[in-house]
Amino acid sequence: MAKMIETNDWHGRPSPYRPRVEIRLGETELVFAFAAEKAPHCDNSLAEGEFKEGLWEKDVAEFFVSAGGRSYQEINISPTGAYWSALFSDYRVREKELHLNPTIEANIGPDSWSVVFKVECEKLVPWLDVPREKWRFTPTAILHDPHPAFFCWAEPQSMEPDFHAEHLRRPLSDFLD
Numbered sequence: 001m002a003k004m005i006e007t008n009d010w011h012g013r014p015s016p017y018r019p020r021v022e023i024r025l026g027e028t029e030l031v032f033a034f035a036a037e038k039a040p041h042c043d044n045s046l047a048e049g050e051f052k053e054g055l056w057e058k059d060v061a062e063f064f065v066s067a068g069g070r071s072y073q074e075i076n077i078s079p080t081g082a083y084w085s086a087l088f089s090d091y092r093v094r095e096k097e098l099h100l101n102p103t104i105e106a107n108i109g110p111d112s113w114s115v116v117f118k119v120e121c122e123k124l125v126p127w128l129d130v131p132r133e134k135w136r137f138t139p140t141a142i143l144h145d146p147h148p149a150f151f152c153w154a155e156p157q158s159m160e161p162d163f164h165a166e167h168l169r170r171p172l173s174d175f176l177d
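Mapping of the sequence shown onto the numbering used here: residues 1 to 177, in sequence order.
Simulated from the structure, these hints should not be mistaken for laboratory data. Hints may be right or wrong, so weigh each one.
Stated by the list, open to error - Lysine-lysine pairs mimicking DSS-like chemistry, simulated, CA-CA at most 27 Å apart:
1) Lys123 with Lys134
2) Lys58 with Lys38
3) Lys38 with Lys118
4) Lys96 with Lys134
5) Lys134 with Lys118
6) Lys58 with Lys96
7) Lys123 with Lys96
From a predicted model like this one, the values you see are computed outputs, not experimental measurements.
Construct the complete structure from the given sequences, taking the supplied hints into account.
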């Protein structure tokens, strides 16, 4: 099992929210866990497993998967466990939304929230029929208080936040023990 990995914000500044991710890979399943030490800013009417676009407009944990080509898949998870996913054929060119049938565990406290998102690897389209050593992964998050703070588990960035940028995609093995 991997350990929780904390990061600074997009510009390399420490955050009081201590956003953390943990990535686990089984034979057939990817597990993405996220935690933050802040009261969640979200639509509390959304349920675990509900499919909803636009989650990034409030607090959201995200990850992107690819396999070295231009196509990639984006997955967003709200503090309530609602999620959204889409396949992109190229930079910000949405091909289609993807319903994943994930297992999601959401925990909301007064000053923290966390989610555990489990999905079958076969639902991660860019990884289909590609050897695992070519799998790429980018964990990200947006936390609002009230303005958005952007987090990416790649090197700190100096430009404006853009989680869709191809250069942020790292080998999945970088996040595993």
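Verification of the supplied hints:
1. Between Lys123 and Lys134 the alpha-carbon distance is near 17 Å, which keeps this suggested pair within the 27 Å criterion.
2. For the suggested pair Lys58 and Lys38, the alpha carbons sit about 13 Å apart, so the restraint of at most 27 Å is met.
3. A distance of roughly 23 Å separates the Cα atoms of Lys38 and Lys118; the hinted pair therefore holds under the 27 Å criterion.
4. Restraint check for Lys96 and Lys134: satisfied, since their Cα atoms lie roughly 23 Å apart, inside the 27 Å limit.
5. Between Lys134 and Lys118 the alpha-carbon distance is near 21 Å, which keeps this suggested pair within the 27 Å criterion.
6. With a CA separation close to 22 Å, the supplied pair Lys58 and Lys96 stays within the 27 Å bound.
7. Between Lys123 and Lys96 the CA atoms are separated by roughly 13 Å; this keeps the pair inside 27 Å, and the hint holds.
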